Amino acid sequence: MLDIEHKWNVGVWPLVVGYVLSAALTLGAYFIGSSLWIFVLAGTQALVQAVLFLHVGLESKPHWYLISFLFLLLVVVVVIGGSLWIMYNLNYQMMPM
Amino acid sequence: MMHEPLPDAHQDAYSKTVFGFWVYLLTDFMMFATLFAAYVVLHTKPIVLEKPLAQTLILLTASFTAGLAGTMAHRKNRLGTVGLFGLTFVLGTVFLWMMWVDLGRLVSAGQGWNTNAMMSALFTLLGTHGVHVVFALLWTLVLLVPVCVEGITLVTLRRLTCLRMFWQFINVVWVFIFSIVYLMGAYAGH
Chain A
306 MLDIEHKWNV
316 GVWPLVVGYV
326 LSAALTLGAY
336 FIGSSLWIFV
346 LAGTQALVQA
356 VLFLHVGLES
366 KPHWYLISFL
376 FLLLVVVVVI
386 GGSLWIMYNL
396 NYQMMPM
Chain G
99 MMHEPLPDAH
109 QDAYSKTVFG
119 FWVYLLTDFM
129 MFATLFAAYV
139 VLHTKPIVLE
149 KPLAQTLILL
159 TASFTAGLAG
169 TMAHRKNRLG
179 TVGLFGLTFV
189 LGTVFLWMMW
199 VDLGRLVSAG
209 QGWNTNAMMS
219 ALFTLLGTHG
229 VHVVFALLWT
239 LVLLVPVCVE
249 GITLVTLRRL
259 TCLRMFWQFI
269 NVVWVFIFSI
279 VYLMGAYAGH
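Residue numbers (our numbering), protein chains in the order written: chain A, 306 to 402; chain G, 99 to 288.
One or more of the hints may lead you astray.
Claimed, not checked - Just the calculated beta-carbon pair ranges, DEER-fashion:
id : chain 1 : residue 1 : chain 2 : residue 2 : range
1  : G       : N212      : A       : F376      : 15 to 25 Å
2  : G       : S206      : A       : L379      : 39 to 49 Å
3  : A       : L341      : G       : L151      : 31 to 41 Å
To be verified - Below, simulated EDC-like cross-link-like pairs (lysine to aspartate or glutamate); rule was C-alpha separation at most 20 Å, straight line:
id : chain 1 : residue 1 : chain 2 : residue 2
4  : G       : K143      : A       : E310
5  : A       : K312      : A       : E364
6  : G       : K114      : G       : D126
7  : A       : K366      : G       : D110
8  : A       : K366      : A       : E310
9  : G       : K174      : A       : E310
10 : G       : K174      : G       : E248
11 : G       : K149      : G       : D200
12 : G       : K114      : A       : D308
13 : G       : K114      : A       : E364
14 : A       : K366      : A       : D308
15 : A       : K312      : G       : D110
16 : G       : K143      : A       : D308
Worth flagging that the hints you see were computed from the coordinates, not collected in a lab. Here the structure is a predicted model, which means the values were calculated and not measured. Backbone N, C-alpha and C define an ideal beta-carbon position, used for all residues, glycine too.
Can you build the whole structure from these sequences, using the hints too?
Here it is as structure tokens:
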């Protein structure tokens, strides 16, 4: 079953696979406890849902969905990474001698 | 007088609308990124929260049924579309109610939004997500009326596709809230 305009597969199977994988990743993150692995699991699950639920990167040319998605990743890295970086630096500069 | 044939603006309305909605979702995610950045920066001391596993799985299921409803819409299956989006509506309502109870528990435990900057950032993040769920619920209700009356037309299919993407987007944001706020909450800040 294809969405003719986008060449997306809008069938049932990608959804079932995405659902099972997401549930497994959620349970894995839940039982792993507080560890940095949680970020890896969260990123993986978000990617699974982006591809299998929202069809990122699966559309026909030109890949505007994929390109705009990659730009989003860049902005998110700059906003969150940049905020943490600058605040860490400020903490460091404020350190009592 | 002869006119040049103009491009038909309505011809490709489906893919243009869906792409426009996609760009909206991306910018909405950027807003959530700033809220996450604020929370992570202000998360200076560990906070132990009850891990909402059931709530998370309920929203994941709502996202899944919304996806199935989108599939049914493409098959012009009116009953399947309405039934599955109805299920999404019920699951979304349960999720919202659980979030409300969770936030109420925090407030009555003396950890309200006015306690400190970290809790303000936390309530802003969770509240913004909750408002998205409220609008998704309202939109689902409003959209299912024309689908019941007219069935799946080109116009309703376009709207149903956007609604389906909105529910799935809400769940992607929740994946990060679940991980960063609830699972990593006990992890000491910087």
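Practice item. Take a quick look at whether K366(A) and D110(G) sit within 20 Å of each other, Cα to Cα. Key: Between K366(A) and D110(G) the Cα gap is close to 15 Å, so the pair holds against 20 Å.
**Study point:** Pair hint outcome, K174(G) versus E310(A) [Cα-Cα no greater than 20 Å]
**Key:** holds, 16 Å
**Study point:** Pairwise hint evaluation, E364(A) against K312(A), where the allowed Cα distance is 20 Å at most
**Key:** holds, 6 Å
Check your understanding: Given the hinted pair K114(G) and D308(A), is their alpha-carbon gap at most 20 Å?
Key -> holds, 14 Å
Review point. Does the alpha-carbon distance linking K143(G) and D308(A) stay inside the 20 Å limit?
Key: violated, 48 Å
Check your understanding: Do the Cβ positions of L341(A) and L151(G) conform to the proposed distance bound of 31 to 41 Å?
Key -> violated, 20 Å
Exercise for review: Could you grab the alpha-carbon distance between K143(G) and E310(A) and see if it respects the 20 Å cut-off?
Suggested key: Since the Cα atoms of K143(G) and E310(A) sit roughly 49 Å apart, the hinted pair is violated (cutoff 20 Å).
Point to revise | Given pair status - E310(A), K366(A), alpha carbons within 20 Å | key: holds, 11 Å
Review point. Are the Cα positions of K174(G) and E248(G) separated by 20 Å at most?
Key: holds, 11 Å
Review point. Is the straight-line distance between the alpha-carbon of K114(G) and that of E364(A) 20 Å or less?
Key: Holds, at about 13 Å.
Practice item. Could you grab the alpha-carbon distance between K366(A) and D308(A) and see if it respects the 20 Å cut-off? Key: Since the Cα atoms of K366(A) and D308(A) sit roughly 14 Å apart, the hinted pair holds (cutoff 20 Å).
Review point. Per the hint of 39 to 49 Å, is the separation of the Cβ atoms of S206(G) and L379(A) within bounds?
Key: Holds, since S206(G) and L379(A) (Cβ atoms, about 41 Å apart) stay within the stated range.
Violated hints, listed in ascending order, are 1, 3, 4 and 16; each of the other numbered hints is respected by the structure.
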